[in-house]
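Based on the provided sequences and hints, a complete structural model is requested.
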Amino acid sequence: MLAGILIALLALALLLLFWFFFAYNSLVRMKVRVDNAWSQIDVQLKRRHDLIPNLVESVKGYMAHEKDTLERVIKARTQAIDASSIKDKSQAENFLTETLRSLFAVVERYPDLKANQNVLSLQEELTSTENKISFARQYYNDETGRYNTLIQVVPTNMVAAAAGFTKRDFFEIGDQAQREAPQVKF
Amino acid sequence: MPFSFIDIEEKKTRLLGLLFFFVILFYFLTAYLLLVIVRHSFFQRDGFAWPSGTATAAVLGVAFFVALLHWATSTSHLIEKLSLSIGAIELDERDVYHKGLQNIIDEVSVAIGGRRIQGMVIPSVSLNAFALEDFQGQAVIGVTEGLLTRLNRAQLEAVVGHEAGHIAGGDCLSTTVTCALAELYDEMFSRLKIGMQRSRGRGGVLVLVLFLIVFFMRFLSMLLRYFISRQKEYRADAVSVRLTRNPLSLAEALSLISTNWRGSGAAGERLESIFIINPNLSRLDEHQGLFSDVFSTHPPIGDRIRILTEMAHLDKKTLEDNLKKFRWVSPVAQAEFKEAQKEGPRSWSVFMDQEWRGPFGLEELSKIAGMAPEMWVRPEGAEKVIHAYEDKVLMPLFSPEAKNKASGKDLACPHCRTSLEELFYEGVPVLKCSHCEGVFAPGRKVSRLLIRRDKTFDEETIRLGQMTIRERDKRIDGLYRQKAANAWFLDCPQCGRKMRRQFFVYSYPVEIDRCVFCEGIWFDRQELEVLQYIYENKEQFFDDSSF
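Same order as they appear, the protein sequences are chains W and F.
Start counting the first sequence at 1; every next residue gets the next number (this note's numbering).
Start counting the second sequence at 1001; every next residue gets the next number (this note's numbering).
One thing to keep in mind: the hints can contain errors.
Heads up, simulated DSSO-like pairs for lysine-lysine below, C-alpha to C-alpha not over 30 Å straight-line [as the list claims (entries may be wrong)]:
#  : chain 1 : residue 1 : chain 2 : residue 2
1  : F       : Lys1193   : W       : Lys114
2  : W       : Lys75     : W       : Lys60
3  : F       : Lys1324   : F       : Lys1099
4  : W       : Lys114    : F       : Lys1325
5  : W       : Lys31     : W       : Lys67
6  : F       : Lys1081   : W       : Lys114
7  : W       : Lys87     : W       : Lys75
8  : F       : Lys1193   : F       : Lys1317
9  : W       : Lys167    : F       : Lys1193
10 : W       : Lys60     : F       : Lys1325
11 : W       : Lys46     : F       : Lys1099
No lab work stands behind these hints, which were simulated from the structure alone.
Encoded structure:
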């Protein structure tokens, strides 16, 4: 009788151990995915930082009177490169997005610039990179949301607490309007 | 329930196993049926008996073997084969429109976790899009040239999102494989048809028997594709909305595609399953119910649009009004001839002797001993490491032929003998003579120039175009009477052989010079514009728009 209970307890303990392994592994898997998603954003952000000097260089000649706008873009870029934590980064990048937008608004006013294929293709590249950033952010936030949920729900939260998994920050968006469906211009 | 695209990946294998099982079952049932019929009609005229266990096992073995053979032949070089049969070609990386498409594809691929997807294009005016995937994980999204010129960026992104939904959702691979399996018999069938005509009775019986067998198998394999659920289109629509958060653009795109020519009658229409909307008009597609659920490949288009517009909190009427007001915006700054974008001096890092060296310019690279095509290089500024042979600019390093071409003179104008300048026209890189204003375009670029509509025409072009159509009969007559010396007048700038002076086609009687070897076309001044004008206003000139 005692042996029976002992075996049952042992089996239960073993089962618990297996479950622990399983939960731990799935947490690790999720964490790797979140890291991967983050590196996706990083790649795109870096690409944008690389493109900006080219853009500034090719519009500089046309826009002698718009020095302020150009300087703001350059400053925002330096800030974005220097930012380290996810929170700082998302703030700096949002600021950079805004300054770029105002730059493109200015470009619209210069017919010479608009007819310049070089500027146009740089603009297309930057638009594309910006879309990629927002898609990568979407992917990162999706994965982070799933990971954060997994850490907080019972019973995985016990494993997460024991093994030291902590919540991740979302990559926040500056203004709400930005993420609403892009309006199609007719 | 799968939570993410990565979970879906793991489900794919099971689906393919099921598909393979179906192929075996298909051959087994066919062979078994044949066995029963043959036995019953030739050997056991009185009384019916099922074949013995051994016979059944033998049939099963043969069926397994044939299925394996069929599977192996169909699924090797999947993407190459299928893209060939629908006439899709790789993107021209210098073309403005094509670059935009690849950008959109790259964007969407980031949204599904950053997997590399190649872009392709079908040089056709029709509106459609497709996705392919093979066992190695290589994926392709392709659209028609017509789609590129009719949809705006947001709509194109929604369509690409839909196709990416097929790839990420895991149904693209099984669809591609199913299409490839059915394609084998289609191809055999068309080849045998030609063979039948050629043999003219010689060995006729054998060919006829073969023909009948293939015909039968083709019919059966057509049933295979009904294995593909039409529900996958709804799912891909949903994924597209989830990725782009823009149901309205997808609804608009679907509406535009469904109200235009989708490419029926063009090559590869039987591979309907891989397209976003069935290229063939099918009454079955528009119906609900069990029968059409089983025997159609696409769900009712009206239903798809309704779901999407509801997501955007709009009704059908607003969508139609929007589309009526819709004006397409060209991604090209100006349709006129624009100077090509000058590329700065490029440089590459090279992986040599177990370490990365460089970056070097092209000049320095040519001096390095031991450069080989299969060596790893990283173009400066790029993330990806590639083989040296993948970069066209590096080719002169390895092939003397390419070296001559690169260092040799630019192509020369056949009239003035001055070198031609590369310029962008409607986003297509073409060669133009600055002196006589003639234009040379390789054959595959001409279709692009005709399909695109960035160019607006001046009065002279319109007058010339209308005159050309009015004097069509006279012109055709005149061309017949011209002397042979005039007919073979110019040298092809590309291959140096004589070009033939002829009409572009008889419906558009614009005289051009066509190289019969490389299919390049030389347009004298204004010939290209006049041809474009006639092509883009063909409804006005011809009552029958089938021209």
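Hint check results:
Between lysine 1193 of chain F and lysine 114 of chain W the alpha-carbon distance is near 56 Å, which puts this suggested pair outside the 30 Å criterion. Our distance criterion of 30 Å between C-alpha atoms is met by lysine 75 of chain W and lysine 60 of chain W, whose separation comes to about 15 Å. Restraint check for lysine 1324 of chain F and lysine 1099 of chain F: satisfied, since their Cα atoms lie roughly 28 Å apart, inside the 30 Å limit. Of the pairs offered as hints, the one joining lysine 114 of chain W and lysine 1325 of chain F holds, with about 25 Å between alpha carbons and a cut-off of 30 Å not exceeded.
Between lysine 31 of chain W and lysine 67 of chain W the alpha-carbon distance is near 44 Å, which puts this suggested pair outside the 30 Å criterion. At roughly 42 Å between alpha-carbon atoms, lysine 1081 of chain F and lysine 114 of chain W are farther apart than 30 Å, so this suggested pair is violated. About 19 Å separates the Cα atoms of lysine 87 of chain W and lysine 75 of chain W, which keeps this hinted pair within 30 Å; it holds. Among the hinted pairs, lysine 1193 of chain F with lysine 1317 of chain F is inconsistent with the structure: their alpha-carbon atoms are about 49 Å apart, more than 30 Å.
With a C-alpha separation of about 66 Å, the suggested pairing of lysine 167 of chain W with lysine 1193 of chain F is violated against the 30 Å cut-off. About 37 Å separates the Cα atoms of lysine 60 of chain W and lysine 1325 of chain F, which puts this hinted pair outside 30 Å; it is violated. For the proposed pair lysine 46 of chain W and lysine 1099 of chain F, the alpha carbon gap of about 21 Å is at most 30 Å, so the pair holds.
Going through the hint list in order, the structure does not satisfy hints 1, 5, 6, 8, 9, 10.
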